[in-house]
Amino acid sequence: MAPVPSLVSIHDLMHRYERGFPEVSAHGAYFRRERLFRNISRWAKGIIVDSRVGKLHVHESYQVPLERIFELPYIPPGYIYETGIAGDFSEKYQLPGKFIFYPAQFWEHKNHARLVEAVAKVKTRHPDIFLVLAGARNNAYDEITRKVKTLELSENVIFLGHVPDHDMPELYRRACAMVMPTFFGPTNIPPLEAFALGCPVAVSNIYGMPEQAGDAALLFNPNSADEIAGCIERLWSDDSLRASLIAKGRAHATAWGQKQFNQTFLAIVEASTAC
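Here the sequence shown is numbered in this note's numbering, starting from 1342 and rising by one per residue.
Think of the hints as simulated: they come from the structure by calculation, not from any bench. Among the hints, erroneous ones may be present.
Here are the simulated EDC-like cross-link-like pairs (lysine to aspartate or glutamate), alpha carbons at most 20 angstroms apart as the crow flies [stated by the list, open to error]:
1. K1488 <-> D1567
2. K1600 <-> D1429
3. K1433 <-> E1375
4. K1462 <-> E1496
5. K1462 <-> E1574
6. K1488 <-> D1508
7. K1464 <-> D1556
8. K1464 <-> E1568
9. K1439 <-> E1496
Let's have the full structure, built from the sequences with the hints guiding it.
Here is the structure:
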């Protein structure tokens, strides 16, 4: 007997497309993910994905008919829209007046290493550059701190550790830009958070990221410290570029929000029951 008809999300298949990263391949992770997604693909009435690229990944990986796969792009989490600022925020974080921001745990695929190399390149022309990293101090954290010391960036890179949700909006608001050099997709949440909060964005030119960002972000090759550095330098020194990206990001956030998400989800439910 088949399971109860269901609508299930597959957020990514990076264990197939980026198998070289241990977080999706080591200690049986690849096989656990593969078994899970094969079962979903076989039994789910409909599968929800984040993008056109995500739809193609599921189709080509598990031969799921395209009419059973539905696109539902992400929206920012609700806490991003909270307007209050904790009274001890400035004292708690002691941020520089201007900084580049990257919120991510220290998984290898988050690519902190290449970002730090890029900041070292920018520092030769902008000694006042600062990079603020938010994320729990685990996984590759020790490796990144060693790299920061080796590149003589100890005064330029600030590690905040885990940041509670209620403090995240103010970090985006104060940042000069959010730079995300990840190797994983198809799409990601931080660019959407930045768009909603008026923070300029530069992201990896991979998978569904161009589809997600449109013209509201700068794109770079995440393997190239030079390209990342070029984007950082432009965002650091060009106020008109930043203003343009902020406006485009806000327009993006307005065009696709909770209302549009809910309407699309309900349409997907209706379409999947008709399959």
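Each hint, compared with the structure:
Note on K1488 and D1567: the hinted pairing holds, with a Cα-Cα distance of about 17 angstroms set against a maximum of 20 angstroms. Distance hint between K1600 and D1429 is unfulfilled; the C-alpha atoms sit about 34 angstroms from each other, more than 20 angstroms. The hinted pair formed by K1433 and E1375 fails the criterion: a straight-line CA distance of about 42 angstroms is larger than 20 angstroms. Pair hint K1462 plus E1496 holds up; C-alpha atoms about 15 angstroms apart against a cutoff of 20 angstroms.
Only pairs whose Cα atoms come within 20 angstroms are accepted, and K1462 paired with E1574 is accepted, the gap being roughly 9 angstroms. A threshold of 20 angstroms between alpha carbons decides the hint, and for K1488 with D1508 the separation of about 27 angstroms lies outside it, so the pair is violated. A C-alpha spacing of about 27 angstroms is found between K1464 and D1556, which places the hinted pair above 20 angstroms, so the restraint is violated. The hinted pair formed by K1464 and E1568 meets the criterion: a straight-line CA distance of about 15 angstroms does not exceed 20 angstroms.
About 14 angstroms separates the Cα atoms of K1439 and E1496, which keeps this hinted pair within 20 angstroms; it holds.
Consistency with the previously given hints fails for numbers 2, 3, 6 and 7, ordered from lowest to highest.
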